[in-house]
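K.L.:
So the sequences go chain by chain: D and F.
Residue numbers for the first sequence follow this note's numbering, beginning at 1454 and rising by one.
Residue numbers for the second sequence follow this note's numbering, beginning at 657 and rising by one.
A few of these clues could be false.
What the hints assert, rightly or not - A short, non-exhaustive set of chain F residues, derived as facing chain D with CB atoms under 7 Å:
{"no.": "1", "residue": "L661"}
{"no.": "2", "residue": "V700"}
{"no.": "3", "residue": "C770"}
{"no.": "4", "residue": "A783"}
No wet-lab data here; the hints were simulated from the structure.
Cβ coordinates follow ideal geometry from the N, Cα and C atoms, glycine included.
If you want the building blocks of each chain, they are given just below.
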Amino acid sequence: MGGPMGRPKWGGPSEETHVTVFTDRRARLLQEMAGEGIDVLLLYGNAWQNDYLRYATDFGILEGQALAVVREDGITLYLDHALEADRATLECSGIEVVHAPDLLGEVDKALSRLSNRRIGTAPARLIPRRLAARAKDLNLGDRTAFLDRLLMGKLASEVDAIRRACKVADEGYAVFRDAARPGRADYELIAEAEAFFRSKGVDDNFQIIGVGGPEVRGMAPPSGKRLKAGDMVTTELTPCVDGYYAQICRTLVVGEPNAEQRQAFALYREAMEAGIAAVRDGVTAADIARAENDIFRREGLGIYVTDEYTRVRGHGVGLFADTKPHILEDVTTRIDEGMTLIVHPNTYHPVVGYLVLGDVVAVTKTGCEVFTETARELFSMPA
Amino acid sequence: MRRGLMGWNAEELPRAALDARIARLRVAMQRNGFDAALFYTNLVQPSAVTWLTGFTPYWSDGMLLLPREGAPVFATALSKRVANWIRTTDTLSEIVNTPKPGVAVGKRIAEAGCKRVGVLEYDALPAGLYDEIAGAARHVELADLGSVFADTRRVIDDAERGLIGRADALARGALDQIDADKATDAGEVAGLVEKQARLGGAEEAYIAIAADLDSDLRMIRVAGTLPLAGRFAVRASVAYKGAWVRRTRSFAHDEAARRAYADADAWLARVASSIEPGQSLAAQLQARLKELPDAMLRNATAESCIGSYPLTAAIGAPSAGSFLVLAVELSLNGLPWLGAAPAFIDAR
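Next comes chain D alone, as it looks inside the complex (with noise of 0.2 Å):
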């Protein structure tokens, strides 16, 4: 049953290109360890907040929790969750995998064992109390900036996994599109969607929804409202492949959309295209969400991308769906040739209701590749 290092021949879209990313990563993450001082690493993982774990071990948890414990000689991944533990057996490569019931003792316990060792934790903030408390006992430090940057500078195999996924995304939100119909529940959108993605090795996605017009504020869950006549749907549709979330944002009109629904549109678009212009090696995330809130201001519409109406103007995209930078105008993190993001202007417009667009880039030199090829129009389904 075992595929290249022992992983199962899943079949998804790029079984020896999925283990060369991994590779990368694990060779990166050691020689990043060395260079930092790090003996060991303690990191944090469940199906919520998953990058850090998942950055060493390659394991997408679903249930439970999981620990694991990174060392140069070897990397032991811990879950609480017996199910879980039998798929990690099967799905990770290259690395010990322990069922612990009493997650945390059996932690502690191995943790124990390596006294005076430099041991960095991530995300710190996540790290169970219990384990936490003992931070001078074991020599535990927060690494989590550490990590962080990894996450958020990418390898060049790391991009070409984004760029697969964000094709993947593409494909995804066609299907979403073609399943938008009036009578429709919200979530049998989703239902399509979901299918169709488990024909293409996604393992997990990341998705709301909004349906309706001006009552609607922002995107949710859904929760079964029906679709009709003139309603607008907006979606974040977030497929996860070999580990990497790639982003859409869309918005798509059942019917014809009507004037002020083009006209708010098209300022959209032009905001998520400041945005995209505004990418490059060496500016801030600020400059990226400041381009695309001077659309908004120039229009008099300056209060909507204010955190009255909105969350972020975009933020980075890899093994977390939702991870740091951040792009919002107090965010000063510099932006780097190698991170991958997604500009998207989304917000409430007081005339027609929460509207998104959004593409994902990688960023180069000069300026960035976008990656997304799905047409930024206001889509129009047949009522």
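Based on the hints, put chain F in the right spot on chain D.
P.N.:
Just chain F now, with coordinates in the frame of chain D:
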């Protein structure tokens, strides 16, 4: 990440049911000297907060404070804009949107003069939240609430029974879509089962497959193309409005195995509907095995929901009024078979 149907429905989960749960827990808290209780929630550990309020986060995390009196307080880093959505699934809590949920609940318990506060799964509480709570409530003793909560939570009410029943109907309906004769690819089967569950309104569906039962009984979450062998098994873990079940079925192309699997399915259904409370589950399964000639019990596990996890390994004999998921591995005259089904443990 949750992306299925989420929402509160008064007919499925009456406010009176939530009030009754909270009242029961408050009695237990008082009996054990707790002035308040704290519950951490995220999409992996949602179940305690879902049970108390109906709310499950689709993203991010939060902390529920249950004081001895008055409305629960739900503090979350989810933005203010998401408060309206939270309100559609949690109609009873006060919602506090704050970048530091731990500080918010810590201040509340300190200002209320609490001396001892129970924390569900205290050891596992995220360190960042713990630091916030401890910093804002320096003179409050925090202690684990686990056994107090589990004893209260273990007995399920009619509302929960209804939600579990609906989740199970979705899982069964989804698995019914599999035609063993036509199924050749595990990825297609996984997509079909998940789609059916989600079309029926599942909040979540995790589909796992053992593609060749004769060589490996372990299951993977298949995506993409993977050929199915002559005998395979599919597990559907399905949630409906926060209630989770698992169903596993084995499938075969050959007629002899198919008949044996049908007998085993019927046996599991009978066993699941007649588990005796207070008696060892392993002993009960062994005793019932005589109903299935030539069967050998290879392994059996039970899961229940008594903490923050939707389903977690159950320890000890099943108790009256509880719910569990029973998973069994049999050898049927040499044929490997896997099955799992939910079971309500009724008082005899």
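K.L.:
None of the hints should be skipped; say for each whether it holds.
P.N.:
Here is how each hint holds up against the structure:
no.: 1; hint: L661; in the structure: 4 Å, holds
no.: 2; hint: V700; in the structure: 4 Å, holds
no.: 3; hint: C770; in the structure: 19 Å, violated
no.: 4; hint: A783; in the structure: 4 Å, holds
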